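Guided by the hints, dock chain B onto chain A, whose structure is given.
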Amino acid sequence: MPEITSERQICVRVRLFASYREAAGTGRLEVPLPDGARVSDLVDVLAVRLPAVRTAPGMVAVNHTYVGPDFGLHDGDEAAFIPPVSGGR
Amino acid sequence: MFKIVDGPIDELALESAVRTDADGAVIVFRGVARRHSRGREVVHLEYEAYPEMAEKVIAQIGDELKTRWPISRVAIVHRTGVLEIGQASVVIAVSAPHRGEAFQAAQYAIDRLKQIVPIWKKEVWSDGSQWIGWENETHSHEALAPRQ
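Taken in order, these protein sequences are the chains called A and B. Position one of the first sequence corresponds to residue 1 (the numbering used here), numbered consecutively onward. Position one of the second sequence corresponds to residue 1 (the numbering used here), numbered consecutively onward.
Chain A on its own, in the form it takes in the complex:
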């Protein structure tokens, strides 16, 4: 969990697609997080409702750019959980 330096919270808009969307029963969520939260903290919160983000991990994109687990989140960010992209050979 992040080091909580204040009482302030941020709110992140979460987008879910394909298998994640069906498992969660929705394509959009709003998730409040402590100020200073990172992507890994969002994964922790979301995994309670959507275990697949751990058991079938994909990618996370914040504001349309792929990011890693240490990426810092800000109020109003759009975080998309990207299950593995369509395959095919």
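Incorrect hints may appear among the rest.
[Stated by the list, open to error] Label-pair distances were calculated between CB atoms; the ranges are: (1) P32(A) / A22(B): 51 to 59 Å; (2) P32(A) / S129(B): 30 to 38 Å; (3) V5(B) / R13(A): 24 to 32 Å; (4) D35(A) / P97(B): 53 to 61 Å; (5) N63(A) / S129(B): 28 to 36 Å; (6) T55(A) / P8(B): 30 to 38 Å; (7) R13(A) / D10(B): 29 to 37 Å; (8) H64(A) / R68(B): 17 to 25 Å; (9) E30(A) / Q107(B): 36 to 44 Å; (10) H64(A) / H36(B): 29 to 37 Å; (11) H44(B) / R28(A): 23 to 31 Å.
It should be emphasised that the hints constitute simulated quantities derived from the structure, not laboratory data. Note that the coordinates shown come from a computational prediction; the quantities given were computed from them, not determined experimentally. Built from N, CA and C at the ideal position, the CB exists for glycine as well.
Here is chain B on its own, set in the frame of chain A:
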């Protein structure tokens, strides 16, 4: 032309969008829905996109192509929604003065598209369905960054 559309792809529009008088080669790759997959009979396919991001990422792939090969133009259009067998899910058009670079660039574009563009395919069979994902591959966000 880098677009996500929810109806049939106008392939002639892509071809005419990329061809210039300097070009001796125009490659048009069409990815189509096929009947059999993993030993099962497919009834139809359903494609879902994260459209705002997908259009940015396919434009990024277009930039990567131009960095790597002396091509003239590239256009990529992907379709979403329900596709019947034989219908095109994606069309990529590349023009270049010579065929070698056009073939190479088109191959790279479809491989890269399947790697990084946030579009998902669901196979619907007569007795079930499944989202199709990466197989036997590991991915990190570094691998998905723009390539020079």
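Hint-by-hint comparison with the structure:
1. P32(A) / A22(B): 51 to 59 Å: Holds, at about 55 Å.
2. P32(A) / S129(B): 30 to 38 Å: 34 Å, holds
3. V5(B) / R13(A): 24 to 32 Å: Check passed, 25 Å falls within 24 to 32 Å.
4. D35(A) / P97(B): 53 to 61 Å: Holds, since D35(A) and P97(B) (Cβ atoms, about 55 Å apart) stay within the stated range.
5. N63(A) / S129(B): 28 to 36 Å: With a Cβ separation near 31 Å, N63(A) and S129(B) satisfy 28 to 36 Å, so the hint holds.
6. T55(A) / P8(B): 30 to 38 Å: With Cβ atoms ~37 Å apart, the hint holds.
7. R13(A) / D10(B): 29 to 37 Å: Between R13(A) and D10(B), where Cβ atoms are some 33 Å apart, the hint holds.
8. H64(A) / R68(B): 17 to 25 Å: 23 Å, holds
9. E30(A) / Q107(B): 36 to 44 Å: Holds: the Cβ-Cβ distance is about 41 Å, inside 36 to 44 Å.
10. H64(A) / H36(B): 29 to 37 Å: Because 35 Å falls inside the window, the suggested range holds.
11. H44(B) / R28(A): 23 to 31 Å: At roughly 26 Å between Cβ atoms, R28(A) and H44(B) fall inside 23 to 31 Å, so the hint holds.
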